[in-house]
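Protein chains in written order, with this note's numbering: chain F, 1 to 637; chain G, 1001 to 1459.
Derived from the structure by calculation, the hints contain no laboratory data. Mixed in with the good hints there might be a few duds.
[Stated by the list, open to error] From chain G, some residues computed to sit far from chain F (all C-beta separations above 12 Å):
| # | residue |
| --- | --- |
| 1 | Thr1053 |
| 2 | Arg1140 |
| 3 | Glu1325 |
| 4 | Glu1437 |
[Stated by the list, open to error] Think about it this way: if two alpha-carbon atoms lie no more than 20 Å apart in a straight line, the pair counts; the simulated SDA-like pairs of lysine to any residue are:
| # | chain 1 | residue 1 | chain 2 | residue 2 |
| --- | --- | --- | --- | --- |
| 5 | F | Lys580 | G | Asp1128 |
| 6 | F | Lys564 | F | Leu619 |
| 7 | F | Lys250 | F | Thr304 |
| 8 | F | Lys290 | G | Phe1455 |
Just so it is clear, the structure is predicted and the values come from calculations on it, not from any experiment. Where a beta carbon is used, it is the ideal one built from N, C-alpha and C, also for glycine.
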Amino acid sequence: MPFSAGKYDVIVIGAGHAGIEAALAAARLGCKTLCLTVSMEAVALMPCNPAIGGPGKSHLVREVDALGGQMAISADRTCIQIRMLNTGKGPAVRALRCQSDKKLYQAEMLKILQHQKNLHLKQALVEEIIFKGCRVEGVMTQTGAIYWAPVVILASGTYLGGRVIIGDVNYSSGPSGFFPANKLPQQLKAHGIKMVRFKTGTPARVDKNTVDFSAMIEQKGDDEELYFSFMSENLKRPNVSCWLTYTNEKTHKIIRDNLHRSPLFSGVIKGVGPRYCPSIEDKVVRFADKESHQVFLEPEGLGTTEMYVQGMSTSLPEDVQLEMLRSIKGLERVEIVRPGYAIEYDCLVPTQLYPTLEHKEIEGFFSAGQVNGTSGYEEAAAQGIVAGINGARKVLGEEPVTFMRSEAYIGVLIDDLVTKGTNEPYRILTSRAEYRLLLRQDNADLRLTEKGRKIGLVSDERYEKFLKRKKMIEEELERLRNYRVKPSNKKVQELLIRKGSAPIKNSITFAELLKRPELDYRDIEELLPDERAVPKDVLEQVWIELKYEGYIKKQLVQVEKFKKMEDRKIPENISYKEIKGLRTEAVQKLEEIKPKTLGQASRISGVSPADISVIMIYLEQKRRSDKKGVPNGGKEA
Amino acid sequence: MEFDTIAAISTPLGEGGIGIVRISGPDAVKIAKKIFKPKGRESIGEVKSHTLTLGYVVCPNTGEVIDEVLLSVMKSPRSYTREDVVEINCHGGMMPLKRTLEAVLDAGARLAEPGEFTKRAFLNGRIDLAQAEAVIDIIRAKTDESLKVAVGNLEGSLSKEIKKFMDGITDILARIEANIDFPEEDPEAFITKNELEEMILKMMKEIEGFLQEAGKGKILREGLKAVIAGKPNVGKSSLLNALLKEKRAIVTEIPGTTRDIIEEMLNIGGIPVRIIDTAGIRKSRDKVERIGVRRSEKSIEEADLVLLVLDATTGIEREDEIIIEKVKNKECIVLINKIDITGKVNIPYYEKITGKECIAISAKKGIGLREVEGKIRERVFEGKINTTRPLITRVRHEQALKKALKSLGEGLAACRDNLPLDVVAIDIREAWEALGEITGDKVDEEILNRIFEEFCIGK
């Protein structure tokens, strides 16, 4: 018997990386929030890599942090190795990546959720979302409990219609052996919500005690104190190594000989998998001339001997998995703890969503994370906080908040999803951000803390820290731009000659001096007339700002151009069918995507620049006739 | 100010080769000043609005005089677009017109999109509301027209080259981006610094070489595209030869394969005309001939003007009817050939059947050829045939290539200054996008597709 179990402002389905940020944001903004998880053991589960970050991903983590989210802080506290990637490739693409202790991460997040004011965390399998007309009203669980709320955020990851496939074995399941949600996707489809089937995969986990590390290459973390969060400091953390080895011809032969048993090639797997994350069998088939592939062994945590075998994602039968692993150097006597598997799942077609992540046809119904067709913990968290913020604002009667492509990777991610859609699990990449040099991970706080403060998620402590840092950056920039150095300064001329840089002929500022490619901050530091203890992170900002000034300006000009179109709002009640001169294909696409701005409209595939011009004329025509109070197309004079 | 400054040739080429280059936008006067040398003493900055000034257009790079022109300044808001507008009346024919436009673009204007002047006029309140739909029609029609040219050009050497360059730049970008976004892979496998420099340099050399060739007119020839069509043995080649005898060919024959299309350049009343002789159109079982027929049909589709040749000795046959149907919607003049054999022909009868203007000629004896030339000229000056369109297409392509070249150069400089990959990528991406504007492609997907095609990536 169904029973009424309580009323909430916001209900979040799922307590993974999206669900957590959504629930925390809503609760922290003062909404009475319920978060439902399929199992208390599944909270903050990392069913794939024991790692957070990487290019684009670490940018997202820091942006979520700047807005007042949780992922960065918890990652910092449970990190067992951290590295800065891409250090030689430029400031825009430098990226943090950490190895996490999975169990600790889960425990940390559980603690945060359970101690959050306004938030109830409960274990329940949601079987139905209650819709009334084009509004959401609540959810019903497997045991008949009905919870009511005007806002429901679906963050169910890969659980919808989940099916695990290992060789010729396949069964209905969520990730890591948790229950799947089989009724919910059926109900959503019946309600007219468009779904697609995607696939992803994970490699086997092996027992550390059966690995010969002496035959592998050690990959240490950085010794430097590095953090995701702008708030973290002075944390004592271990530095556990990862290990690199390679596949060989023998491995590839085993795979080739067993392809007939691969569900990927036999057609059992129908879902679309991500191109950036191919299984080892895919790699061996598609890149047949490559003699070996990298394999990384990553620790799953301090309290377990399980290790993640990165590079060997597979859905081959378990016996083949063991045979191919044992062909690899250092893994000759390896034992599998859990086999690798592929998982197929249902997800929503994300073009059904507004940039707030609310469903266009159903008021109050939001979705976030892997269920929107993305992959990755970081992508999920980023959507989670946006859905949480907007869900709460809906309840509180406040204007929605969205992010532009020019201000955050969060904006790039969500705009890509809702404007272009995706035909494979979507992963963020720095190459997707056209204003990459402006959207750096090191300035995420400068870009977003003010916005987070206005939203209400940035604490006083965080805000003060931010203001202090901002002030120091400005002061240091000013100092370098004001102090000048003259040709008569011997120290400077000596330095320049030593560094192979042309001596100065006229008096120039330190800022100009620093722009020279041959010079580093450290070189000029002691030449400055006054001594100041400037923190490293501040120096980094100043250095980037000066060193790349020309290119930063170039990108700012691009952003200006972009913003012009982004500022041109399209009214919600526009009827594209009525606009004479739009091509049929454009009309269909525009009706489907319902862009909020001309800029967004211009990014829809199938909408040409001429179509945009036509809409511009139409909007101007409408504006003028509305002003005159005459019907459409009426004479002006 | 909301808009940037745009320029284009705003009129079809007029009688005697007069045409107007129009500049509109906040920098219109500033840009005009850079390329204009007045005959009198006053600089155009001081010239009163709505007056004409005589002077020269001078190449901003070389200082060479391009054309003697009349320049008019119309200050905002009393202009067509309600922005500052400068119009340059050129009268030295097609090439000076094109070079004047190029000078304006080099001086900082952007080539206008199809219908953009009208669009601005409307958005700035110059055109009243009742005409909004007409404005939309203009934009639509002009865009479709230029799209047709772009598509028509797709198999031409120009677009093929552009595609090739884009492909090369995509390759560079894919390597940079794979290197950046997949740091766990071996970066050397994607690109080393030396390779990057080499690849950019190679790309620049190719584009530079192409632009130089294009400048000499060896690869690209523009002009009105007139196609001679008709069934086999109706006298198409004789017509071409006869026209050539009358007028000296500007460019020599393009060699082709068997039954290929023969192309010649003529100068008719100052208008360059590419005249194309096609294989005879008829149903055929012969494979080689069928290919020729298909090519002929394609060149008819792309033609600005069709010269349809009929045989006065046979009258209109089934084969002719097929061709008449194909040229139904084309600008077309029908030539009734071989009147040297038949004597008089019944022109009204032919005009009724074909629905087109007909002229009696004899290619062999040279009868009626003057009239043919006169008719072509007439149609151009009446604006029925837009002769500036292919020219604009070419300017657009060249501008894009120049922009790409400039961005690549900046990328190379950044490389040599030891600036990191993410910075170099900004320039290379800009180069790609300059070319992508022509083809309408988006860079992101191209890069990703290339990365996943070429490199084995992933966990």
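- Message: Please list, smallest to largest, the hint numbers that this structure does not respect.
- Response: 2, 4, 7
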